[in-house]
Amino acid sequence: MRARLPFLAAFLLERLGPVDEELIGDVVEEYQSGRSRLWVWYQVFVAISLNVARTLWGHRRRAAGGLVLAWLVGGSQEYWFARSIEWVSSHADLSGPAGFLFLSVGIGFSNLVVGYLIGRVCRPFGPQIAIAYVVSVVPFAVISAVYTAAGAPDALRGWVVLWTLGQLCIVGAAAIIGAIVATGLPHQRPLR
Amino acid sequence: MSDFEAMVLLAVIRVGDDAYGVPVSREIESATGRTVAVAAVYAALQRLEGRGLVSSETGEPTPIRGGRAKRVFRATAKGVAAARETARAFMALWNGIPQLRLRG
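Going line by line, the protein sequences match chains A and B.
Note that my numbering gives residue 15 to position 15 of the first sequence, counting from 1, and the numbers run on in steps of one.
Note that my numbering gives residue 100 to position 100 of the second sequence, counting from 1, and the numbers run on in steps of one.
None of these hints come from the bench; they were simulated from the model.
Keep in mind that this is a model prediction, so the values were computed, not measured.
Heads up, a few of these hints could be off.
[Stated by the list, open to error] To give an idea of the interface, some chain A residues facing chain B are shown, with a C-beta separation under 8 Å as derived from the structure:
#1 Asp20
#2 Tyr42
#3 Leu50
#4 Ala173
Using N, Cα and C, we set each Cβ at its ideal position, and we do this for glycine too.
Taking the hints into account, I'd like the entire structure generated from these sequences.
And the structure:
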């Protein structure tokens, strides 16, 4: 018999899953009975997706307000970040690992702020609205990647796609962590 | 009632006294051969409960569930009648297609 759910799965279920204690109990019971980690991750994914959809539908005005705020703050940060990249690149080489680190930290920090604001404004549903914000960013990231890849030399196209995926992961993780921090303690007892 | 809700309602009736998320999901999985998301089962059960087709009560927490309680569901008389009506409607449609019945 296994004692615990995988750490990250338990963490995400606690913070982003539904309040229903019985659902989490069922997932724990099935995992203890021998279900695979893949099964657990499928349950976590569906539970979070349904919870986000239910939150958006049940709190439409607050969700819309949170998303508009996120887009305004995220958009203006993107603008100032692009300006700062121009300034930094005129003084330093941004093509190497240092440039990659600079861009990653910048994107991560700005989305941490966006997530924190969503979390403060949309308490206690901040993390769910932050997920919706991240999902809403995906089409723009894809369009941007396609546009950039089309203009890039053949050898660099794979890197453009990888960079976009990495950027999305940073945006998602930072925004959700920011919202979790702003929302505070989990709404249910810890699983571990 | 959607197909999935009908399946969940029938599974609750089939499982009987101890119809909580795990056995209901397993019942549907064994009938359909597909992996079922427990969260989707609960979402359907909440909708069914809202319509008065099932009722629920909180069970005892157990160590195997990390100390978390179960929510045990039971079909109401209205739920059993709705399941019967759904089956009757499906059978009526099914019987109207003799070529499919012959192919089994």
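Hints, verified against the model:
Because the closest C-beta pair between Asp20/A and chain B is about 6 Å apart, less than 8 Å, the hint holds. With 8 Å as the threshold, the beta carbon of Tyr42/A comes within range of chain B, its nearest partner Cβ sitting at about 7 Å, so the hint holds. The interface hint given for Leu50/A holds, since its Cβ lies 5 Å from the closest Cβ of chain B, which is under the 8 Å cut-off. A hinted interface residue such as Ala173/A counts as satisfied when its beta carbon comes closer than 8 Å to some beta carbon of chain B; here the least separation is about 23 Å, so the hint is violated.
Comparing the model with each numbered hint stated earlier shows that hint 4 is the single one that does not hold.
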